[in-house]
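Trainee: Listed here are the chains, written in short residue letters.
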Amino acid sequence: MSGAHGHGAAGVEAVAARDSAIHRLDPRAKIVCLILVAVVAASTPAGAWSALLVQLGVVVAVAVVARLPLRYTLRRMVIEVPFLVAALVLVVVAGDGGVRGLTLALKLTTSVVAMIVLSSTTPFPRLLHGFEALRTPRVIVLIVSFMWRYLHVLGEEWHRMRIARQARGHTARWLWQEWSLGPVVAALFLRSLSRGERVYLAMASRGFVGTAPATTMTPLSLDAADAMFAAALTAAVIAARTVLV
Amino acid sequence: MTPPIVELDDVHFAYPDGQHALDGVTLSFGAGERVAVLGPNGAGKSTLCLHLNGILRPQSGTVRIGGTEIDDSSLTEVRRRVGVVFQDPDDMLFMPTVAQDVAFGPANLGLDRDAVQRRVDSALQMVGMTHVRDRPPHHLSFGQRKRVAAAAVLAMEPDVLVLDEPSSNLDPRSRREFAEILDALPQTLVMVTHDLPYAWQLCHRAVIVDEGRVAGDGPIDHILADDALLDAHALELPEGFSLPTQR
Numbered sequence: 039m040s041g042a043h044g045h046g047a048a049g050v051e052a053v054a055a056r057d058s059a060i061h062r063l064d065p066r067a068k069i070v071c072l073i074l075v076a077v078v079a080a081s082t083p084a085g086a087w088s089a090l091l092v093q094l095g096v097v098v099a100v101a102v103v104a105r106l107p108l109r110y111t112l113r114r115m116v117i118e119v120p121f122l123v124a125a126l127v128l129v130v131v132a133g134d135g136g137v138r139g140l141t142l143a144l145k146l147t148t149s150v151v152a153m154i155v156l157s158s159t160t161p162f163p164r165l166l167h168g169f170e171a172l173r174t175p176r177v178i179v180l181i182v183s184f185m186w187r188y189l190h191v192l193g194e195e196w197h198r199m200r201i202a203r204q205a206r207g208h209t210a211r212w213l214w215q216e217w218s219l220g221p222v223v224a225a226l227f228l229r230s231l232s233r234g235e236r237v238y239l240a241m242a243s244r245g246f247v248g249t250a251p252a253t254t255m256t257p258l259s260l261d262a263a264d265a266m267f268a269a270a271l272t273a274a275v276i277a278a279r280t281v282l283v
Numbered sequence: 006m007t008p009p010i011v012e013l014d015d016v017h018f019a020y021p022d023g024q025h026a027l028d029g030v031t032l033s034f035g036a037g038e039r040v041a042v043l044g045p046n047g048a049g050k051s052t053l054c055l056h057l058n059g060i061l062r063p064q065s066g067t068v069r070i071g072g073t074e075i076d077d078s079s080l081t082e083v084r085r086r087v088g089v090v091f092q093d094p095d096d097m098l099f100m101p102t103v104a105q106d107v108a109f110g111p112a113n114l115g116l117d118r119d120a121v122q123r124r125v126d127s128a129l130q131m132v133g134m135t136h137v138r139d140r141p142p143h144h145l146s147f148g149q150r151k152r153v154a155a156a157a158v159l160a161m162e163p164d165v166l167v168l169d170e171p172s173s174n175l176d177p178r179s180r181r182e183f184a185e186i187l188d189a190l191p192q193t194l195v196m197v198t199h200d201l202p203y204a205w206q207l208c209h210r211a212v213i214v215d216e217g218r219v220a221g222d223g224p225i226d227h228i229l230a231d232d233a234l235l236d237a238h239a240l241e242l243p244e245g246f247s248l249p250t251q252r
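Residue numbers (the working numbering), protein chains in the order written: chain A, 39 to 283; chain B, 6 to 252.
Since the hints were made in silico from the structure, they are not lab data.
Here the structure is a predicted model, which is why all the values come from computation and not from measurement.
Among the hints, erroneous ones may be present.
Covered stretches of chain A (chain B as the covering partner; in silico rule of three or more C-beta atoms under 8 Å from a C-beta of chain B) [claimed, not checked]:
1. 161-169
2. 187-193
3. 222-234
Glycine is no exception: its CB is placed at the ideal position from the N, C-alpha and C atoms.
Based on the sequences and whatever the hints tell you, model everything.
Mentor: In structure tokens form, the structure reads like this:
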């Protein structure tokens, strides 16, 4: 636990910066197709096992082609644990709980793997560029890009404050020992607030008047690989959804 | 004598908490002049900077840029002509990549894509940061971020460059390299700093601001040689540093 934010954002960035056939695809192709997979999976009826398994197989295959490290991917998948617990509750409570619970688990896993593939094969600026090229309102893109950018700045600030506490002999290992957490969070909040104000002033200094201009330079271009990826993925999941149900 | 590009006339400004940050400042800077604004912490130096491009407006008195008073109608033009480089580059760099960040200013001016691209290229080249153009800012060192922040302002092609503590937090090499970049610029430079040798190296004129007023104004060689004046305003040359007798 050295870098407070190191494992999360930095880990994704490192993997997204690698190279594979999937990494090289146009971000738009990946966004549209992987979201489509998640939507089709979500609409597949309970108990259509072969369809559900094919959909999961498709995203896992993409992850394999992208050469995502297994341990990395499993660690990212921890995010779905709370939902799996909910699925487990379903198993216990509902009449046909077993079928519904397992269906939910499969759908979840498919969607989560799809999103891990998307975020771990596309460097974040490129991902944002993709969303912008898909006509996402620029203000939304700007807000997300702010979040990403300042997550790093805040993470560093958090880390520095943590070290400063340790330097003064603070050794809390468990959450309930963190009696000083409240003031620290408050301090971080106040720092962020004044940081936000300064960022706005700096933006205004550079002529910002409330409408975000386009700043991406090289236009994206779709090529044969993107078309093949899109066709294969779409055909596979839709065929599974219609034929195997 | 070239006509002044920046003119402040009896500028008063108080913050909402009642603190009088500027208490009747009258100053003018000529085109191409390089001025160091010196003074203790809380003297009103940063407040002064923020008046130069209309981020803050005087409660009384006027600020003119190139003869035009700053008001709502001249604001965009003023911000194009006067670029402010903030002390902390993380306050300035907010876009996902360096190139996109440098493009932000020119894009706000409504330039077309090619023109923006040219500005980005030349600004990054001026600060020697072309090789990091596609990287996110948090992958750069502090010194590199500082240079990119300067490029982000230079891409607006300003007539006046205002720098808040340009040398703070820089290691000696970055500090020197940043000075070399600034020294090569034709723009009017206004720099707020506590780093007196840095000010001496880059500027010809020094203005001392204390308690919201101008407490001294003249050639920097004279100002920095006036021990009584420096002492009266909590300014000190570093131990062991003496002004070279000639440049």
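Trainee: A separate judgement is required for each hint: does it hold in the structure or not?
Mentor: Evaluated hints:
no. : hint    : verdict
1   : 161-169 : holds (count 3)
2   : 187-193 : holds (count 4)
3   : 222-234 : violated (count 1)
Hint 3 from the list above is the single one not met by this structure.
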